[in-house]
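First to last, the sequence lines map onto chains A and B.
The numbering used here runs 240 ahead of the 1-based position in the first sequence.
The numbering used here runs 5 ahead of the 1-based position in the second sequence.
Hints are not guaranteed to be accurate.
Said to hold, decoys possible - Derived DSS-like pairs (lysine-lysine); straight-line CA-CA distance at most 30 Å:
| hint | chain 1 | residue 1 | chain 2 | residue 2 |
| --- | --- | --- | --- | --- |
| 1 | B | Lys203 | A | Lys359 |
| 2 | A | Lys319 | A | Lys352 |
| 3 | B | Lys181 | A | Lys314 |
| 4 | A | Lys417 | B | Lys181 |
| 5 | B | Lys181 | A | Lys359 |
Keep in mind that the hints were calculated from the coordinates and are not lab data.
All values derive from a computational prediction rather than experimental measurement.
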Amino acid sequence: MSIVIDHLTFAYTEGGKRLEPTLRDLTFTIEEGAFLGIIGHTGSGKSTFVQHLNGLLASEKGMVLVDGHDVSVKAERRKARELVGMVFQYPEYQLFAETVFEDVAFGPRNLKLDESDVKTRTEEAMKLVGLELERFSSRSPFELSGGERRRAAIAGVLAMRPKYLVLDEPMAGLDPKGRESILALLESLRRDTNCTIIMISHSMDDIARHATNVLVLDHGAVSMYDTPERVFARGEELQRLGLSVPTVTQVCMEMNRLGVPIPTGICTRDAFIRWFTEERAHA
Amino acid sequence: MRDITLGQFVAGNSIVHRLDPRTKIGIMLAYIVMIFLVKDMWFFAIPLAFLIMGLLLSHISIRYIGRSLKPIRVLMVFMFLLNLIFTKGETVLWDLGFWQLTLEAILRSVFLIIRIILLVAGASMLTLTTSPIALTDGIEKLFSPLKVFRFPAHELAMMMTIALRFIPTLMDESEKIRNAQMARGADFESGNVFRRVKSMIPILIPLFVSSFRKADELAIAMESRCYHGGDGRTRMHQLRFRLPDLFAALITLAFLCALILILILFK
Chain A
241 MSIVIDHLTF AYTEGGKRLE PTLRDLTFTI EEGAFLGIIG HTGSGKSTFV
291 QHLNGLLASE KGMVLVDGHD VSVKAERRKA RELVGMVFQY PEYQLFAETV
341 FEDVAFGPRN LKLDESDVKT RTEEAMKLVG LELERFSSRS PFELSGGERR
391 RAAIAGVLAM RPKYLVLDEP MAGLDPKGRE SILALLESLR RDTNCTIIMI
441 SHSMDDIARH ATNVLVLDHG AVSMYDTPER VFARGEELQR LGLSVPTVTQ
491 VCMEMNRLGV PIPTGICTRD AFIRWFTEER AHA
Chain B
6 MRDITLGQFV AGNSIVHRLD PRTKIGIMLA YIVMIFLVKD MWFFAIPLAF
56 LIMGLLLSHI SIRYIGRSLK PIRVLMVFMF LLNLIFTKGE TVLWDLGFWQ
106 LTLEAILRSV FLIIRIILLV AGASMLTLTT SPIALTDGIE KLFSPLKVFR
156 FPAHELAMMM TIALRFIPTL MDESEKIRNA QMARGADFES GNVFRRVKSM
206 IPILIPLFVS SFRKADELAI AMESRCYHGG DGRTRMHQLR FRLPDLFAAL
256 ITLAFLCALI LILILFK
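Construct the complete structure from the given sequences, taking the supplied hints into account.
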């Protein structure tokens with residue numbers, strides 16, 4: 241099972257007029273269990289693209305199939321929304337209920353589950369994001385700290401037990417500790433529930449460290465779609481697209497320029513240390 | 006929801022667009038006086054000529070005027086029928102026994118409809134050629150003499166400006182929250198009226214919360230730039246009466262005088 245994107249083209253309309261297409265002829269497959277990082281400069285169509293994954297935007301050309309369900313068909317959209325959980329930018333602004341528990345339970349309730357299932361799922365989701373039940377479930381979401389609110393909002397999506405989890409810049413505006421806790425959460429989700437993660441991010445370091453695949457969008461078209469090592473090996477191309485490369489890759493590129501022979505495609509600290517120890521053993 | 010545009014300002018650079026908003030408000034008032042002075046249908050020709058002149062000078066398409074009349078079409082039909090039925094007259098055209106259609110009733114109904122059309126068309130000329138910001142600036146200036154009686158002219162204008170400024174932002178925000186709740190399986194489209202109203206709560210509460218937060222942030226941003234209300238505040242765009250304003254005022258006055266003169270002569 242996988243998400244298949246087939247010749248997806250999309251243009252916004254404004255006042256009845258079609259604007260320049262935001263997405264141009266996207267074709268690729270997101271494999272189950274992958275961690276896909278989506279990068280691209282502002283206005284490259286990242287957010288527009290992910291909204292097609294659960295049918296919030298409907299394409300007039302091309303198709304998105306989530307486990308075989310066509311999201312542009314109204315009858316199948318509900319199923320797609322169950323399968324694909326969506327965490328928008330600054331998700332804490334969608335919190336509305338009186339207590340954290342009620343807010344997290346909103347999704348499962350919409351799935352028309354019975355009360356005991358709702359309770360299990362809500363508690364499970366809160367535990368996943370690290371909000372202790374006794375401390376948080378009866379508190380108002382509006383009195384939490386920024387990082388806690390973000391985690392509560394993500395729990396609201398996780399409580400739907402999505403098979404695919406889409407996150408649009410989930411770390412934006414968080415401090416380093418908050419960022420790490422979100423990334424650790426995503427890793428444990430993938431490990432424990434085999435959840436497929438699709439994440440838009442501007443942090444190349446985070447993408448290099450966690451993603452199994454990287455999608456580079458440029459003006460709404462697929463520019464690259466490959467493993468992080470192969471994508472970041474094309475550092476100069478990325479820089480021409482207005483994107484940066486991970487810090488480690490930057491260092492490697494600089495060392496290359498100074499004449500130190502170092503293979504391209506080293507993009508994480510661990511990979512660099514591995515290369516370095518091997519090199520030293522040879523010498 | 007995305008398609009709602011507030012006000013109906015059409016950007017342009019015609020002589021009418023460039024007039025001082027205060028002049029335009031003044032002209033509007035004179036035009037309304039003209040319309041209410043007219044008691045006989047044929048004399049509507051004068052305010053109509055004035056309106057057409059404004060339309061030609063502003064390069065505004067007649068379609069926009071038509072669009073502004075659209076929301077009140079039900080009201081117009083209603084008023085027409087009401088007057089047709091309840092106006093008493095002598096020249097009976099059609100007798101149904103319990104009710105007569107009279108020539109006077111028809112004339113009266115047509116007269117009122119023309120009056121409404123002219124009023125709305127004139128008012129939309131003002132909003133079509135004046136940006137909301139210019140309009141509030143003009144209103145502030147016009148009301149500022151009332152400050153002597155502690156009338157908060159500046160504060161009111163500032164409130165109007167801020168409200169106008171935030172309408173698109175809030176529209177955007179409600180769209181985003183709606184999407185987020187829909188992704189969590191919320192359903193806004195089915196069910197009866199009560200269910201639908203209840204289903205709006207997950208949109209309205211975050212929207213209120215973020216409005217308060219935005220208001221707070223804006224207040225702090227304004228205060229940190231030393232905003233303390235209208236006293237001694239200067240403007241980036243000074244409103245200034247220029248020669249065209251004088252001409253426009255004189256032409257309006259000429260029309261008004263001509264109308265009064267004609268009304269006296271033909272009485």
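Hint consistency between Lys203 of chain B and Lys359 of chain A [alpha-carbon to alpha-carbon, up to 30 Å]
holds, 22 Å
Has the given pair, Lys319 of chain A with Lys352 of chain A, been kept, meaning a C-alpha gap of at most 30 Å?
At roughly 13 Å apart (the allowed maximum being 30 Å), Lys352 of chain A and Lys319 of chain A satisfy the hint.
If you draw a straight line from the CA of Lys181 of chain B to the CA of Lys314 of chain A, is it 30 Å or shorter?
holds, 20 Å
Holds or violated: Lys417 of chain A with Lys181 of chain B, Cα cutoff 30 Å?
With a Cα-Cα distance of about 27 Å, the restraint between Lys417 of chain A and Lys181 of chain B holds, given a limit of 30 Å.
Measure nothing beyond the straight line between the CA atoms of Lys181 of chain B and Lys359 of chain A; if it is 30 Å or shorter, mark the hint as holding.
Measuring from Cα to Cα gives roughly 27 Å; hence the hint holds.
Comparing the model with each numbered hint stated earlier shows that all of them hold.
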